[in-house]
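Participant: Quick note on the UniProt record's numbering: the sequence shown kicks off at 1 and runs consecutively.
No lab work stands behind these hints, which were simulated from the structure alone.
On a predicted model such as this, the values are computed, not experimentally measured, just so you know.
Fair warning: there could be bad hints in the mix.
[Said to hold, decoys possible] With a straight-line Cα cutoff of 30 Å, these simulated BS3-like cross-link-like pairs (lysine-lysine) come out:
(1) Lys33 - Lys457
(2) Lys25 - Lys216
(3) Lys18 - Lys33
(4) Lys232 - Lys457
(5) Lys150 - Lys25
(6) Lys25 - Lys146
(7) Lys20 - Lys30
(8) Lys33 - Lys232
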Amino acid sequence: MVGLPYSSAGCVNCRKRKIKCDSQKPVCAKCLKRGILCLGFDKDRKFLHHEMRSQVTRSGEVKRPVRRLVWYLKPLSLPSFCDMSGEVRTQLFSAFMDNFFAPNANINGKDDSLFFLMANFPTLAGESELLDRSVIALAFSFLAIKSNDKNLARQGLEVYNSALNAMNRALRRKSGSWPHMLYASIIFHTYETLYYGDDAPRSLFTHIQGASAILKSYSFSDTNSLTLAMLKRHKWAVAYCTLNTEYGLETDWECLTLGKEECPLDELFKIIGYCAALRRDLVSASRLNSPEQEPTLQSILQRLLDIQRVQAGWERLHSDSLSPHRRGQAMLDSESSGEDVGLDPYEFKDLCTAKLYVLSRIASTVRHRLIYQTEKLLHGYSDPTSMHFSADEICRSVVYCMRPERQMSVGHMALFAVSQASKAYITCRDLRMFEWCQCIYSTIQARGIGLASRVGKEDWTLWRTAAN
């Protein structure tokens with residue numbers, strides 16, 4: 001007896017390897033498990049093959065070829081002013097993938113949800129003008145920032161505005177594909193982090209609220225792996241906006257409790273969501289008169305201690321798989337390595353584990369800061385030692401995440417993490433570690449996230465205000 005004969009109905013990679021494919025779209029399970037880019041199910045996909053040796057022109061100029069194999073993007077639904085050939089379209093997108101994400105050997109869809117989306121874009125391209133325009137706007141704008149190309153930046157802004165108009169049309173007509181609307185909303189708030197103008201925080205908040213509204217109106221009974229990955233990315237953005245911006249008290253944090261199944265990351269996001277709710281209660285309690293204030297503060301403190309017990313149970317459950325297992329190498333930039341401030345950088349088995357550990361330390365730092373503020377209102381004094389320890393743990397982990405080869409794959413997570421550590425150091429009046437956080441902000445900005453510059457300036461304002 002022999003098994004079923006080999007079928008060529010699978011994805012490009014599985015057909016090439018002559019193995020059985022589960023034909024799951026947009027990414028087959030075999031490719032996802034191997035951590036490689038699934039090339040989809042199009043048998044007629046055309047490739048651009050680039051020689052791997054330098055070429056010499058007639059003038060004697062040596063040109064370096066593109067480093068990797070790329071495929072033609074399908075015709076995209078772009079504005080008329082952005083008409084371009086398939087080769088140009090493909091080369092721009094390939095350049096964006098090369099410069100935004102860590103090399104394929106160091107990253108996969110499990111480690112970076114945005115990489116997961118962009119790796120699938122060639123399969124999704126041409127299906128929705130909203131998704132096409134949002135992706136190309138992000139690619140144009142990021143490349144323009146890295147190359148200081150004003151013309152490309154202008155085109156990126158125009159494509160971005162046309163994507164916003166496409167979203168407005170889809171919302172008015174209720175005609176858009178909801179997964180594409182969700183993906184576009186998440187790309188929108190990623191786009192806003194590239195800049196640091198006065199309108200950036202408000203625009204970021206608007207897109208985060210929009211994505212939350214889309215998610216809350218959808219049932220998660222039949223959700224593919226790409227949508228679940230985008231949900232997790234959105235949770236990072238919601239947590240950042242809730243804890244880090246002036247719109248934190250208005251942010252819809254209930255999105256942090258959404259999900260198809262329980263997982264360690266989702267449990268931590270729920271803890272952060274509950275802390276966000278208690279933070280609002282604490283702000284309200286601080287405005288009460290003395291007779292009413294004390295019982296309210298006692299209730300808040302008790303709920304924070306309950307959350308602390310929940311997280312302690314979570315940490316015991318995941319201690320074996322989560323703990324850093326050895327010291328890591330420092331960054332190439334010695335000022336940001338952590339060695340100059342006495343930090344021992346951590347090492348993790350992979351980037352996914354590092355992100356999970358960092359989020360657990362963020363949750364601890366937020367909780368300790370709320371306990372500190374509550375006890376300060378109740379008793380006039382509180383010990384900040386636990387908060388300082390959690391902030392140090394964040395910084396030890398961020399050194400691993402910020403290695404140059406990671407590129408932008410952890411930039412947004414690192415910005416969120418360091419901003420929480422920085423605020424803890426402001427409370428503890430630790431100038432040396434506060435300045436180290438400022439160095440990390442500069443590194444993140446240099447990699448393309450302009451919002452880091454604004455966060456750094458806001459933290460300096462908080463430092464000076466606390467000193468007075």
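Participant: Are any of the numbered hints broken by this structure? If so, which, sorted upward?
Facilitator: 1, 5, 6
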